[in-house]
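Novice: Here are the chains, one letter per residue:
6 protein chains.
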Amino acid sequence: MPYVNIKITKEGATKEQKAELIEGVTNLLVNVLGKNPATTVVTIDEVDMDNWGIGGQQVSELRKKPKP
Amino acid sequence: MPYVNIKITKEGATKEQKAELIEGVTNLLVNVLGKNPATTVVTIDEVDMDNWGIGGQQVSELRKKPKP
Amino acid sequence: MPYVNIKITKEGATKEQKAELIEGVTNLLVNVLGKNPATTVVTIDEVDMDNWGIGGQQVSELRKKPKP
Amino acid sequence: MPYVNIKITKEGATKEQKAELIEGVTNLLVNVLGKNPATTVVTIDEVDMDNWGIGGQQVSELRKKPKP
Amino acid sequence: MPYVNIKITKEGATKEQKAELIEGVTNLLVNVLGKNPATTVVTIDEVDMDNWGIGGQQVSELRKKPKP
Amino acid sequence: MPYVNIKITKEGATKEQKAELIEGVTNLLVNVLGKNPATTVVTIDEVDMDNWGIGGQQVSELRKKPKP
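These protein sequence lines are chains W, U, V, X, F and B, in that order. Read in order, the letters of the first sequence are residues 1 to 68 in UniProt numbering. Read in order, the letters of the second sequence are residues 1 to 68 in UniProt numbering. Read in order, the letters of the third sequence are residues 1 to 68 in UniProt numbering. Read in order, the letters of the fourth sequence are residues 1 to 68 in UniProt numbering. Read in order, the letters of the fifth sequence are residues 1 to 68 in UniProt numbering. Read in order, the letters of the sixth sequence are residues 1 to 68 in UniProt numbering.
Because the hints were derived from the structure by calculation, they are not lab data. Since this is a predicted model, take the numbers as computed values, not measurements. Fair warning: there could be bad hints in the mix.
No distinction is drawn between identical chains; accordingly, a pair holds when it is met within one copy or between any pair of copies.
Pairs of lysine-lysine, DSS-like flavour, derived with a Cα cap of 25 Å [stated by the list, open to error]:
1) K35 with K10
2) K65 with K10
3) K15 with K65
4) K65 with K35
5) K64 with K35
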């Protein structure tokens, strides 16, 4: 009966990758906690890079900087 | 002062249906718990069917299968 | 398949009141959107009054003030 | 290591305003609780006005009414 | 940079099981989407069985019923 | 009308610190976006350190390690 919400930046995750996330998280809950997969719900939020911050900065700005 | 978040798959809920959800949930909190409707907030997230999984599968795939 | 999260202040909601909320929200989603109740999930978070703010103030402080 | 989610109605917040929110919230957590900004994450959800209710009514409808 | 929230009913998940969930979800995001584990955050909410409903009923009540 | 949820590890934040977070976030939304403070809601979740992971590890374990 678990509910899982995954938030990622919107950067082109494919339908197949999302399917892998959903299947993988569901299997993990079955294997670790013995949960019933039939009522395990997973939702994925894809968040615009202007709307995601880390270290006080927008990801859309961080992506422009050269990596050290 | 309650806050309610409703997540549904994005499948064409109309503005009128959303209004009914908002009104219905607010009334429920007033009737059951005596909450003040003026500060009761309801948000609705419509989630792409590729981004919603149940039973380890994407809803976009489940919808394609014939019902038993 | 909807998922609903209800946040209320922790002020002694009874088990019966929570059951009413769960049943009421589930029925609302069935009636308004034709959702399947079997996979409709509702969770309730009861939040300490020190941890809930409105108008920039903690509810634990607001509750001490006389009503106008 | 905090995680902050800000939900606002979708009404044209600019990239610069979102940057201010992200920076401001991060600084607040550093200043008040001594949190490490490098692992402080902030996400902003912009919610359609049809999908946001207060007082039992959609914001898209409330915005049409004259202010008293 | 992903953020994952896992909600499960409070039924005695051990510290070790929670560690497995955290490690497993983080690895999944690294393997499927190439995310940086260092900034991948996972939180687990354990929800009282009176506060979790499915099919319109509290889990605390469902657990009492004999399985068919 | 914004809604803000702050998640922090449960490590003894005081009532006064929580009040500062609530007031600070509310002021930020008023100053940056011109939001109405009266309907701005802030909730704080304090998460057990066993239930929070970063870099694939529980914070309760990370706290035991010497800092480099």
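Novice: Hint by hint, say whether it matches the structure.
Specialist: Evaluation of the provided hints:
1. K35 with K10: between (29 Å within a copy, 12 Å between copies)
2. K65 with K10: For K65 and K10, the Cα distance is within 25 Å only inside one copy (18 Å; across copies 28 Å).
3. K15 with K65: between (29 Å within a copy, 17 Å between copies)
4. K65 with K35: between (43 Å within a copy, 18 Å between copies)
5. K64 with K35: Close across copies (17 Å), not inside one copy (42 Å); limit 25 Å.
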